[in-house]
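Student: Kindly produce the complete structure, drawing on both the sequences and the hints.
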Amino acid sequence: MQEMQEICLYRELVFRRLLFISLFLILCIVLSLLNLSIGPISIGIGEIFHTLITQGNDTAHVVIWDYRLPWTLMALLVGGALGLAGLEMQTILNNPLASSYTLGISAGAGFGAALAYILGIKVLPNVPMEFVVPINAFVFAFLTCMLIMLIGKIRGFTSETLVLGGIAISFMFQSLLALLEYYASEETLQAIVFWLFGSLTKASLFKAQVVFIVLAIVATLLMLKSWKITALRLGDEKAKSLGVNTERLRIEVLIYVSLLTSVAICFVGIIGFVGLVAPHMARMLIGEDQRFLIVGSILCGGVILSAGAITSKVIVPGAIFPIGIITSMLGVPFFMFLVIRGRKQIW
Amino acid sequence: MVELGVRDVSFGYGSEVVIKNVTLNAFPGKMVAIIGPNGSGKTTLLKLLANIIKPSTGKIMFDGVDIRRMDKDEITKIVSYSPQENVIPGILTVYEVVLLGRIPYLSWRISRDDLEITKNVLEELGLEIYARKYANQLSGGERQMILIAQALVREPKLLLLDEPVSNLDIRNQLEILDLIKRITRQKEITTITVLHDLNLAARYADKLVVLNRGSIYTCGEPEAVLTPDMLSSVYGVEAKINRNNRFVQIIPIRPLNRGVEALGQNF
Ligand SMILES: Nc1ncnc2c1ncn2[C@@H]1O[C@H](COP(=O)(O)OP(=O)(O)O)[C@@H](O)[C@H]1O
Ligand SMILES: [Mg+2]
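Going down the list, the sequences are from chains A and B. Take the first sequence: its letters are residues 1 to 347, numbered as in my numbering. Take the second sequence: its letters are residues 348 to 614, numbered as in my numbering.
Source of the hints: derived by calculation from the structure; they are not laboratory data. Where is the CB? At the ideal position from N, CA and C, for every residue including glycine. Hints may be right or wrong, so weigh each one.
To be verified - Chain B stretches covered by chain A per the calculated footprint, using a threshold of three residues with CB under 8 Å from any CB of chain A:
| # | region |
| --- | --- |
| 1 | 429-443 |
| 2 | 455-467 |
| 3 | 580-593 |
To be verified - Restraint-style ranges between C-beta atoms, simulated for each label pair:
| # | chain 1 | residue 1 | chain 2 | residue 2 | range |
| --- | --- | --- | --- | --- | --- |
| 4 | B | Arg560 | A | Leu164 | 28 to 38 Å |
| 5 | A | Ser175 | B | Glu502 | 54 to 64 Å |
| 6 | A | Gly56 | B | Gln484 | 56 to 66 Å |
| 7 | B | Arg415 | A | Lys122 | 49 to 59 Å |
Tutor: Written out as structure tokens, the structure reads:
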């Protein structure tokens, strides 16, 4: 009997987690369908399915395949990527406020994008117009991560070093960005500001595929390390006592996360708060076990950004409101609520 | 079964040498207690044995094999180390914290064995009632018990405990040390524990190692090691030792004037 009970406790923990994961999954699906359906012309669920599985050239097909599907998938995948990246940054930096902002990755990406917009500088030559800004943003985001790695190499990969280094880098790129903006013309300034807000309007199926592939690979690699990453939540000292090489684990996870963040923000600009809020929500409902939390954070990020994407379409009829502003505006009060009213400890 | 051998090990944080030429042996089924004043290097010595930090000179051997030549995962399976500090930052249930102790064996699916062993250890330490609670919401002493459970759940051959009972009440101190001693004997574990309480060290240890400023001052059976002389030169305390009862009992009388003693050494 006793044995049964103990096995039951573990089952209960697992069951609870799978329950929340299923819930998130259902929400993802529902929100994605809404995302496909809502717009200047609304398309019914039946028609959506019909359009998705058949060939055709009518309006519905064009609207779905050229606009709504890329937009919907991008919201889901970028949200997932930001959620996962945020989770692992919080974990390896041992800091509940860590996100791509904290490490200066967003600022780096912003600077890279501004270089393209304002000075017309391309990091890689012979890139199609559409990809100049994303590639610049990606390269600078990734460079930022490498800069943080360098600081870690010199001073040791402790969370304090990485966070402080990230803040310094963040200020550096922000001031460089401000400098560029100062010299920019009216129109380019508008373009860069719009990019910094974050927006899904430049989504495409190809971009969604790129994000999907990177997300799938990174998530799998992290899953393979899930117990070690979970052990990090016991504190460094105890993780080490469990045989985890905390320094090497940090480096490894940082590389994965850098790639993921860079890819996610290079296509859509800086979308705030998803990477911060999604992991907290997932953690509160699912707990720290990374086997489940990795999946939970991805789905939760997808839910938040999908909801944001829908809101951005309906908030100003006929226009698309920058999604970054919405996620921040929804994110802040929600986060405040968690901090103030949450019954459980959130970190 | 693993026999531990430490040969002439030294270690320093930066230029400050903290462990100096330590040589020591520990055997299966025996409990060794390391005692010594604050900052004498007890924690550092345990970390060296747990392979968390590497000696700058000398070598550490399990059954005569230098641990530098052993696989890291293999070492993790052999050694359990329970650190002195017992803060747990994450929101983990007690059950999960203990289960994590089996980390070298865990994969995506948890085996029945892992669940079984976790259950047994929780029961043995009387912790089943806490299983669902969050570890960071327990008292310091309760957390200490959880971390001992985490160390035991790996079924180690070498058990290293850093002040395992310092936060426990008097009953739990006895219960835990009884349990550790029993497991040490039954499963022929080589146990090394840092103990601050000299009376407990005298009562439970098969062998005492006195560490003073990073060197072994003396080691041996508790009765032989615990002398007024040792207490005055290592701890700077005048003490009486009562051997009439069933257990050796140390009765501290007063701290010796350090200045005078230091002067005495200089002249
Ligand atoms: N991480 C560290 N960096 C530098 N010095 C340290 C570190 N940890 C401990 N020390 C120093 O090493 C000495 C021994 O420390 P420790 O092994 O913790 O002593 P004990 O456990 O016996 O109280 C102390 O003087 C302490 O200041
Ligand atoms: Mg200590």
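Student: Against this structure, judge whether each hint is valid.
Tutor: Okay, the hints, checked on the actual structure:
Three residues within the 8 Å Cβ limit are the bar, and the region 429-443 of chain B against chain A gives 12, so the coverage statement holds. A count of 7 residues in the region 455-467 of chain B with a Cβ less than 8 Å from any Cβ of chain A is obtained; the coverage claim is therefore met, three being the minimum. With 0 residues having a beta carbon nearer than 8 Å to a beta carbon of chain A, the region 580-593 of chain B misses the requirement of three or more and the stated coverage is violated. In this structure the supplied range 28 to 38 Å holds for Arg560(B) paired with Leu164(A), their Cβ-Cβ distance being about 34 Å.
Checked against the given bound of 54 to 64 Å, the beta carbons of Ser175(A) and Glu502(B), roughly 56 Å apart, stay inside it. At roughly 58 Å, the beta carbons of Gly56(A) and Gln484(B) sit within the given window of 56 to 66 Å. Between Arg415(B) and Lys122(A) the beta carbon distance is about 50 Å. The supplied range of 49 to 59 Å therefore holds.
Consistency note: the structure conflicts with earlier hint 3 alone.
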